[in-house]
Structures are given as structure tokens and as C-alpha cells.
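K.L.:
What follows is each chain in one-letter form.
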Amino acid sequence: MTDFIQTAPGRTLENTMQDHFIAAEAPFSTVIRRGQTVRIEDTYGQQAIDTLFYNATDFSERYSNQDTMREQGAAYISTGTKVVSNEGRVMLTMTADSCGRHDTSAGACSCESNTVRFGHGTRYLHACRDNFVLEVSKHGMNKRDVVPNINFFMNVPIEPSGKMTIVDGISAPGDYVELKAEMDVLLVISNCPQINNPCNGFDPTPVRVLVWDSEA
Amino acid sequence: MTHVRRSPEDIAANRARYEEHQRKGLEFAPKALPEASLLPAPEIAADKIIHREVIPGGWYWSTHIRKNEIFRVSLDHGFSTVSLVAWSAADTSERLNLPDTVKMQWTTALGKGRVIFSDMGRVMFSVTEDSSGAHDGLMGGSTFTSNAAKYGDGTRNTRDNLILLATKAGLDKRDIPSVLALFAPVRVDQDGAFLWKPELLHGHDYVELRAEMDMILGFSNCPHPLDPDPAYRPNPVTVTRMAAAKLADDDLCRTATAEAVRGFENNTLATM
Ligand SMILES: [Zn+2]
Chain A
1 MTDFIQTAPG RTLENTMQDH FIAAEAPFST VIRRGQTVRI EDTYGQQAID
51 TLFYNATDFS ERYSNQDTMR EQGAAYISTG TKVVSNEGRV MLTMTADSCG
101 RHDTSAGACS CESNTVRFGH GTRYLHACRD NFVLEVSKHG MNKRDVVPNI
151 NFFMNVPIEP SGKMTIVDGI SAPGDYVELK AEMDVLLVIS NCPQINNPCN
201 GFDPTPVRVL VWDSEA
Chain B
1001 MTHVRRSPED IAANRARYEE HQRKGLEFAP KALPEASLLP APEIAADKII
1051 HREVIPGGWY WSTHIRKNEI FRVSLDHGFS TVSLVAWSAA DTSERLNLPD
1101 TVKMQWTTAL GKGRVIFSDM GRVMFSVTED SSGAHDGLMG GSTFTSNAAK
1151 YGDGTRNTRD NLILLATKAG LDKRDIPSVL ALFAPVRVDQ DGAFLWKPEL
1201 LHGHDYVELR AEMDMILGFS NCPHPLDPDP AYRPNPVTVT RMAAAKLADD
1251 DLCRTATAEA VRGFENNTLA TM
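For the protein sequence lines, the chains are A and B, in the order given. Counting along the first sequence from 1, when you hit position 34 you're at 34 in my numbering, and nothing is skipped either side. All you need for my numbering is the position in the second sequence, starting with 1, plus 1000.
Just so you know, the hints here were simulated from the structure itself, not pulled from any lab data. By construction, the Cβ of each residue, glycine as well, lies at the ideal position given by its N, Cα and C atoms. Any given hint could be a false lead.
What follows is a list of derived Cβ distance ranges for each label pair [said to hold, decoys possible]:
| no. | chain 1 | residue 1 | chain 2 | residue 2 | range |
| --- | --- | --- | --- | --- | --- |
| 1 | B | 1043 | A | 161 | 44 to 50 Å |
| 2 | A | 182 | B | 1148 | 18 to 24 Å |
| 3 | B | 1189 | A | 173 | 55 to 61 Å |
| 4 | B | 1189 | A | 19 | 26 to 32 Å |
| 5 | A | 160 | B | 1233 | 24 to 30 Å |
| 6 | A | 58 | B | 1019 | 55 to 61 Å |
| 7 | B | 1091 | A | 173 | 38 to 44 Å |
| 8 | B | 1168 | A | 159 | 36 to 42 Å |
| 9 | A | 19 | B | 1248 | 31 to 37 Å |
| 10 | A | 182 | B | 1195 | 34 to 40 Å |
| 11 | A | 89 | B | 1152 | 17 to 23 Å |
| 12 | B | 1017 | A | 6 | 37 to 43 Å |
| 13 | B | 1015 | A | 19 | 31 to 37 Å |
With a straight-line cut-off of 27 Å between C-alpha atoms, the simulated DSS-like cross-links for lysine-lysine are [what the hints assert, rightly or not]:
| no. | chain 1 | residue 1 | chain 2 | residue 2 |
| --- | --- | --- | --- | --- |
| 14 | B | 1168 | B | 1067 |
| 15 | B | 1048 | B | 1067 |
| 16 | B | 1197 | A | 163 |
| 17 | A | 143 | B | 1246 |
Pulled out of the complex, with its shape left as it was, chain A reads as follows (with noise of 0.2 Å):
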């Protein structure tokens, strides 16, 4: 891993709210309130961090791909694109990217759509969707509420044809997103465990999630 990259006068190690650390595989979550900055880092690089927000006082309302990619006219996510709710609402504004594109079209890894990707001998390997079973059911949602999600750092270029793959990740150790909660939201992540396509050179590594205020 790298040292860290400062992104504002006041945005330090020193003065964040939180600073998690990610274990290569495991899913997380925590709440980032209205205003404050959350920072999602690809410690190692070329790892994909995949990403739900619900809204932190009404679950039901929660990331919705297709809206988001609505209201950029794009299938990419970078800086300036708005997180948008599956009723409409801004969540949170990307600020800042040090990677450049992200994707929000092929959704999550899971058990059931490994053994149709690469065969049912991977159906018992961990997946992303499992990570995200897991922590929303801490939170009293369940396999409902999981929704296609962000990846973040992972790079799934569409062609004009329709032509999709997953290539390796472009982003380098210590690359970064920043985003700025508009809401109180709900951050769930599967720091995905997937090693049989290369989202995250086929070798999961540990991330880091930090949280400043709104000053910062």
C-alpha cells in the first residue's frame, strides 16, 4: 500500500471521523451523514469495491443504477456524477476520482451467476452478493434490498455494439473516490472476494474507507 494522497487542506488522517481498513474479501458498512466527505481508496490497486447506499432513515429508498445512469446520460461513473436514489434524490455527488471510471452495469458477483459464468464448480467460492445478504441483514433488510450496485475501480467498458467484458482494473495503489453525502446515507460494501474475472487482478486486497466532516 501507499502513503496517502491529501485532497484538501483540512482533509487529513488526523481529523476523520472514521478510517476503516477493509479486509481483502469481507463486507462492511457504516453511516455517513449529510455532508460529510467518505473516501473510498483502492489501497493496493486494481481492486473493485462494491457498493450499495441506503438511505439511512428509510431503507427503502436506496441506490438505484438506473437512475443514476439516467440522470448522467452514461454508463460510467466518475467525478460530478450524482449518486441518485430509486426516487430520484441525489445521495451523494462524486468529488473527486484520482481512477476515472467506474461501473454501475454489471452489478455483483455471486454464487449463482459464477457457476453460469465460469461453471458450477465455482458455486462455493465467496462472493460479493453473500457479502451484501450478510451486512443488510444486520440492518433488518434482507436478499430483497440488494440491489445492482456500484463497483467501484472495476472496469467493464461497453461497446457501441453492446460488446461487454470485464478487463483488468486501471486503477493504481492508493487511487481514490471521493463523495459527498447529500443525505444521511447507509454505506455497504462487498470488498469483492471474486477471483475468476480480472475486477481485481484476480487477487482480492484490503481497501480503506474514510469519513470526514463536513469542514474538512
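Here the structure of chain A is known, so what remains is to put chain B with the ligand in place on it, guided by the hints.
P.N.:
Just chain B with the ligand now, kept in the frame of chain A:
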């Protein structure tokens, strides 16, 4: 935090396996997918029709369908976009999953010969006929806000239609999956920006989907958010539910790709 890297040999082996899957998937192995279905759509024999519904512009409809039955969505009254959602009748927590559908088949271009998956790695539909191949699984349907920005208030939208039909099916808005928009000629450019390509449509286009499990279907007949027509004027669409026909051993959708074959193996396991 320490991290033990996987060995280069493990990584190389998995990479080789992925590239082999990718190569086959992109070649549509083992056999190529067909051209679009010819127009006009053939007449459906009266004794094959279980039900025919004409959904007015702006409205929604939902119904049950049984495994192996086929439904045709046809633009007999002119252009419209129809948003489709579906849940397994046996367990409504299993539903349409478009990210899995496009990822597993290596394409966002869903047309004749392709299949549409649930979140449980099972096939919900086979696309048995399709005259346009111009559908959108990425950006989905309209909402109150997107319609208000485009048409002013007061027009019906897909989001609210889906809340209504889901609720009447005993579900709620948490259950609404991302939608497949039929007859929405959406493509992306090299930068990922969405394009509306009406030249992909022919007028009176139709699509036929075969149910591969018992399901609850939901339809919303509202203009797609990218539809450049500044006026709100969705035409009625016709949905015809047809009796099951006997499947051929070499059924196109069930055999066209390795991914579909494995998906159908999951369907079979679920009913054993
Ligand atoms: Zn994953």
C-alpha cells in the same frame, strides 16, 4: 493491515480460464445467434391465444405466466416503449437481474437467441423472436421527476406504474428490479454516453419471450427517458399470451451459448 498475495501461478491459471470463457462467450459459441425476426409478425392461431391485452399508453398491466408459455409484445398501434419486470411466482424474492443478464452473456445487446436471467443464476425468459434487437437494459424507465422535467407534471411514469403493479401483486417498492425497456433503441458510444437510435426500429416491431419458470410479469407502457419526442404520446401496445409449445431438443435459446446451457441446468436443478 498485512495481506498475503495469491500466488502468481494461481492468478495465471484463473486468468487463463477467464480468457477462455471470454473468447467463447464473445464468439457466441457453440453456434452463432440469428438475424432479427422477419416482419410482419406472423398471425397467431386463435386456439393458441390464452389472453390478449391492449395496454393503453401511459398504463401498466401485470399477469401470471406459466413455464413454456410465450408472450408477444407487439407495436400494432405504432411506436411505444414497454418496460418489463418479472418475479418468480414460486418465490418473489427471485427476480429479473439485468446486471447478471448482460454480464453473463458478455453483451448489453439483448435480442433473438439471448436469455434473461434472475438473480439466482436461472433463466427467466428466452427471447424466441425479436424483430428489432433494440432494447435497453441499462437506463430503464421514466420517473415522476424525469417526466416532469420533460413534459411538465401530470403524465404517467414507469416508476409509479411499477409501484402500483408491484403493490397489487402483494409486493412493494423494495421489490422492483431494474427494468428491461423493450423497443428502446439505446446504445452507448465509446465514452459510455447513451444514444437513441431510432433507425434500429422498423415500425410494427415485435418481440416474443418464452417463460422458463412460472412468473408474475409487470408491464409499463410509458415513453423511455431518452425518447426525443417532446410530446407525451405513448401508443397502446398489445401483449398476447400464448399456450406452451413443445420445445425442440436443439431449441436455439437453450443451446446457443455455454452460459445459457449452464443457466438452464440451474433451472432444472431448482425443480428436481
Ligand atoms: Zn464481487
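K.L.:
So, for every hint listed, does it hold in this structure?
P.N.:
Hint check results:
At about 33 Å, the CB distance of residue 1043 of chain B to residue 161 of chain A disagrees with the hint of 44 to 50 Å. As the Cβ distance of residue 182 of chain A to residue 1148 of chain B is approximately 20 Å, the hint placing it in 18 to 24 Å holds. Hint check: residue 1189 of chain B to residue 173 of chain A, Cβ distance near 31 Å, so the stated range 55 to 61 Å is violated. For residue 1189 of chain B paired with residue 19 of chain A, a C-beta distance near 39 Å fails the hint of 26 to 32 Å.
Remark: the range hint 24 to 30 Å for residue 160 of chain A to residue 1233 of chain B is upheld by a beta-carbon distance near 29 Å. A beta carbon spacing of about 44 Å between residue 58 of chain A and residue 1019 of chain B contradicts the range 55 to 61 Å that was offered as a hint. Under the hint 38 to 44 Å, the C-beta atoms of residue 1091 of chain B and residue 173 of chain A, about 43 Å apart, fit the expected range. Between residue 1168 of chain B and residue 159 of chain A the beta carbons are some 39 Å apart, a value that agrees with the proposed interval 36 to 42 Å.
One distance hint, 31 to 37 Å for the beta-carbon pair residue 19 of chain A and residue 1248 of chain B, is violated here, with the actual separation near 60 Å. Between residue 182 of chain A and residue 1195 of chain B the beta carbon distance is about 29 Å. The supplied range of 34 to 40 Å is therefore violated. Distance hint for residue 89 of chain A and residue 1152 of chain B: a CB-CB separation of about 20 Å, consistent with the stated range 17 to 23 Å. Distance hint check: the CB atoms of residue 1017 of chain B and residue 6 of chain A are about 40 Å apart, consistent with the given range 37 to 43 Å.
Between residue 1015 of chain B and residue 19 of chain A, the C-beta spacing of about 33 Å keeps the proposed range 31 to 37 Å intact. The suggested pairing of residue 1168 of chain B with residue 1067 of chain B holds, with an alpha-carbon distance near 22 Å, which does not exceed 27 Å. Note on residue 1048 of chain B and residue 1067 of chain B: the hinted pairing holds, with a Cα-Cα distance of about 15 Å set against a maximum of 27 Å. Restraint check: the Cα-Cα separation between residue 1197 of chain B and residue 163 of chain A comes to about 17 Å, which is no more than 27 Å; the hinted pair holds.
For the proposed pair residue 143 of chain A and residue 1246 of chain B, the alpha carbon gap of about 35 Å is over 27 Å, so the pair is violated.
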